[in-house]
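With chain A's structure known, arrange chains B, C, D, E and F on it following the hints.
Residue numbers (this note's numbering), protein chains in the order written: chain A, 9 to 88; chain B, 9 to 88; chain C, 9 to 88; chain D, 9 to 88; chain E, 9 to 88; chain F, 9 to 88.
Think of the hints as simulated: they come from the structure by calculation, not from any bench.
Not one of these hints is a red herring.
Pairs of lysine-lysine, DSS-like flavour, derived with a Cα cap of 25 Å:
(1) B:K34 with A:K82
(2) E:K52 with F:K34
(3) E:K52 with F:K48
(4) A:K82 with B:K19
(5) F:K17 with E:K19
(6) D:K52 with C:K52
(7) B:K52 with A:K48
(8) C:K48 with D:K47
(9) D:K34 with E:K34
(10) F:K19 with E:K19
(11) F:K52 with A:K52
(12) D:K17 with B:K82
(13) A:K47 with F:K47
(14) B:K48 with C:K52
(15) D:K52 with C:K48
(16) F:K34 with E:K48
(17) E:K34 with E:K47
(18) C:K34 with C:K17
(19) D:K52 with E:K47
(20) A:K52 with B:K48
(21) B:K11 with A:K82
(22) B:K82 with B:K17
(23) C:K11 with B:K34
(24) D:K82 with E:K19
(25) A:K17 with F:K19
(26) C:K34 with B:K82
(27) F:K82 with A:K17
(28) C:K17 with D:K11
(29) B:K82 with C:K11
(30) B:K48 with A:K47
(31) A:K52 with F:K48
As the structure is a prediction and not an experimental result, all values here were calculated from the model.
There are 6 protein chains.
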Amino acid sequence: MEKWLPSLKTKTPQEGFELAITLSQKGVQITQPSEGIRKKLRPKYSRNADSLIAVTQVIAINFQTVAAANNYWKDNFTIK
Amino acid sequence: MEKWLPSLKTKTPQEGFELAITLSQKGVQITQPSEGIRKKLRPKYSRNADSLIAVTQVIAINFQTVAAANNYWKDNFTIK
Amino acid sequence: MEKWLPSLKTKTPQEGFELAITLSQKGVQITQPSEGIRKKLRPKYSRNADSLIAVTQVIAINFQTVAAANNYWKDNFTIK
Amino acid sequence: MEKWLPSLKTKTPQEGFELAITLSQKGVQITQPSEGIRKKLRPKYSRNADSLIAVTQVIAINFQTVAAANNYWKDNFTIK
Amino acid sequence: MEKWLPSLKTKTPQEGFELAITLSQKGVQITQPSEGIRKKLRPKYSRNADSLIAVTQVIAINFQTVAAANNYWKDNFTIK
Amino acid sequence: MEKWLPSLKTKTPQEGFELAITLSQKGVQITQPSEGIRKKLRPKYSRNADSLIAVTQVIAINFQTVAAANNYWKDNFTIK
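So here's chain A without its partners, still in its complex pose (with noise of 0.2 Å):
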């Protein structure tokens, strides 16, 4: 498999949240290798509610890892 995870560290909260969107994408591409299948389900699913929730709340999973890695980023906050 490719190199797509170094490291859980990032520079802000907000890359960090992006970095969790791609954890989430991640999962789903593992689980579903096929990029044709998976391209099918994306119209469906992006313009369902619940899918769309439940999307969001892998996301929240793993945005709290990738937070703590951070340590919150904190040492931020005295900068700010």
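Okay, now just chains B, C, D, E and F, sitting in the frame of chain A:
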């Protein structure tokens, strides 16, 4: 992407809760970028009890992250 | 918005559980601000076992946050 | 409300698991205070695999909280 | 109730995973004490992908608890 | 049972993510030991968006555990 999450630090628990809501909404927005589609979904899921509960769960998960990032606003405890 | 969450600190675990319920309700209220719609949904979901279990799950997640904020009321342990 | 949660402290992990069940039941009771309705729902959800699994998930989340409150009963480890 | 959970301590991560499964099963057993009903449900949910995934989620949550209780078996790291 | 989980320690976050997938799969395998049935279920759930999202959620929960076990690979941070 525009800057929308400079920090997880908030002054009060209530502002933290509002940030948790923002995080939850942002997850939906990034998964379904079309504002038109999101607007069409809103009246439906916001009148569906199970969808509402699911949204509330995502907020609860994000609030865990924000609360931990703020050390649960414990420093505010003594002032109160 | 009115102030409704001045602190996560509670005197007892039971009050913490009640705060977890408040947090769960607030999530719903903010997502569906119309009291009229919420009142119409209530009789339905409160008689549906799966909806009730889902609500209980949100309470459980929020209770994790409140309990951590109060250091699990461990200081109360010795007094008991 | 009557006192039902004086502490999260339990003597053993098993008692902690039982407390996690109590917390889960209490969440349902507070959301649906009518004992009559709850009694009618019970035979249905307790014979539905997906409902049972959902209940078990709430118990698992509450057990995380109780276990953390008891420092995972680590002090019991040496005695064993 | 008979003693079934003397400790959360296990020798290896794998035994910890097995304990997480036990915890998940116990949650179901306590919610539905009738072995007869549980046996009838089993063939159905164990052939339903979504039910299986839901079971796996409960195991994952319980494994978090068991892993934390064992400090993630970090003491085993050096020996390896 | 054969040994499949000697440690939660991995060299990189990516290997940790792969371990989280293994943990998720193992949960399914233990709940449904028949490889025949699992193989029949796979084409169906892997083409169902909601099932895929649910699998991704289990992976996310397990990744939280693995990441914590590795102290979020923070020791790797300086080398980068």
